[in-house]
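Colleague: Listed below are the residues making up each chain.
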Amino acid sequence: DAGVIQSPRHEVTEMGQEVTLRCKPISGHDYLFWYRQTMMRGLELLIYFNNNVPIDDSGMPEDRFSAKMPNASFSTLKIQPSEPRDSAVYFCASSFGGPSNQPQHFGDGTRLSIL
Amino acid sequence: GESVGLHLPTLSVQEGDNSIINCAYSNSASDYFIWYKQESGKGPQFIIDIRSNMDKRQGQRVTVLLNKTVKHLSLQIAATQPGDSAVYFCAETNAGKSTFGDGTTLTVKP
Numbered sequence: 111d112a113g114v115i116q117s118p119r120h121e122v123t124e125m126g127q128e129v130t131l132r133c134k135p136i137s138g139h140d141y142l143f144w145y146r147q148t149m150m151r152g153l154e155l156l157i158y159f160n161n162n163v164p165i166d167d168s169g170m171p172e173d174r175f176s177a178k179m180p181n182a183s184f185s186t187l188k189i190q191p192s193e194p195r196d197s198a199v200y201f202c203a204s205s206f207g208g209p210s211n212q213p214q215h216f217g218d219g220t221r222l223s224i225l
Numbered sequence: 476g477e478s479v480g481l482h483l484p485t486l487s488v489q490e491g492d493n494s495i496i497n498c499a500y501s502n503s504a505s506d507y508f509i510w511y512k513q514e515s516g517k518g519p520q521f522i523i524d525i526r527s528n529m530d531k532r533q534g535q536r537v538t539v540l541l542n543k544t545v546k547h548l549s550l551q552i553a554a555t556q557p558g559d560s561a562v563y564f565c566a567e568t569n570a571g572k573s574t575f576g577d578g579t580t581l582t583v584k585p
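Residue numbers (the working numbering), protein chains in the order written: chain D, 111 to 225; chain C, 476 to 585.
Derived by calculation from the structure, the hints in this document are not laboratory data.
Nothing here was measured: the structure is a model prediction, and the numbers come from that model.
Please note that the accuracy of each hint is not assured.
Simulated crosslink set (DSS-like; lysine-lysine; CA at most 30 Å straight-line) [to be verified]:
no.	chain 1	residue 1	chain 2	residue 2
1	C	K572	D	K178
2	C	K543	C	K531
3	C	K584	C	K531
4	C	K543	D	K188
5	C	K546	C	K572
6	C	K572	C	K543
7	C	K572	D	K134
8	D	K178	C	K517
9	D	K134	C	K517
Extracted from the complex, chain D is given alone in its bound form:
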């Protein structure tokens, strides 16, 4: 069975550039989550969707970050303009059922480096 698929696996870009991270959740899952992982702050929830609708975006750092889910099989996380402090591993996860009831299935992440 295909798991959560993220692309690209690695991204290196210069500060000021736009970065777009992509995620394909597991088919049939109705929740999608975006996380950021750093050594300093650990794993942080940025935003999550239920049935393609954003439910909680309180973890999105600032207006430079935006996330969309145009359909049940695709989501993007965009950073514009990017800054060196955005360097981290970004994970997408999905679940069938909400975070109060079901574990999440994570992709292998996008390692983002902003120079």
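Please arrange chain C on chain D, whose structure you already have, making use of the hints.
Modeller: Frame of chain D; chain C shown alone:
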């Protein structure tokens, strides 16, 4: 604020021994707890979960114990194998939001 913390950042065990990884949580209203395993270069992988109306749950070689009185969660791994070497995270969920702990690195010595 809410936080989930681990007592020990690293744990080293001999192959074949049992491992115990501990986690303290701060929100007594949390009602769902999950243990994840993360290997290098991979995303967290679900191991086992437990709801707040239980105090113990067993899986294959793993057991999770929940002590709500002291807000403590533990993961026990029986007969630890080299493939168990990874970072282990606990997560607590309250009001639909999950918070992850800092992680414990488990190293299994052959």
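Colleague: Quick one, are K178/D and K517/C close enough, alpha carbons at most 30 Å?
Modeller: holds, 24 Å
Colleague: Given the hinted pair K584/C and K531/C, is their alpha-carbon gap at most 30 Å?
Modeller: At roughly 28 Å apart (the allowed maximum being 30 Å), K531/C and K584/C satisfy the hint.
Colleague: Take the C-alpha atoms of K572/C and K134/D, compute the straight-line distance between them, and say whether it is at most 30 Å.
Modeller: holds, 22 Å
Colleague: Are the Cα atoms of K543/C and K188/D separated by 30 Å or less?
Modeller: Not OK: K543/C and K188/D at ~40 Å, beyond 30 Å, violated.
Colleague: Mind checking the alpha carbons of K134/D and K517/C for me, to see if they're no more than 30 Å apart?
Modeller: holds, 16 Å
Colleague: Checking one constraint from the list: CA of K546/C to CA of K572/C, max 30 Å. Satisfied?
Modeller: At roughly 18 Å apart (the allowed maximum being 30 Å), K572/C and K546/C satisfy the hint.
Colleague: Does K178/D lie within 30 Å of K572/C when you go C-alpha to C-alpha?
Modeller: Distance of about 19 Å is within 30 Å: holds.
Colleague: Could you grab the alpha-carbon distance between K572/C and K543/C and see if it respects the 30 Å cut-off?
Modeller: holds, 19 Å
Colleague: Given the hinted pair K543/C and K531/C, is their Cα-Cα distance within 30 Å?
Modeller: holds, 11 Å
In this structure, only the earlier hint numbered 4 is contradicted, and the remaining ones agree with it.
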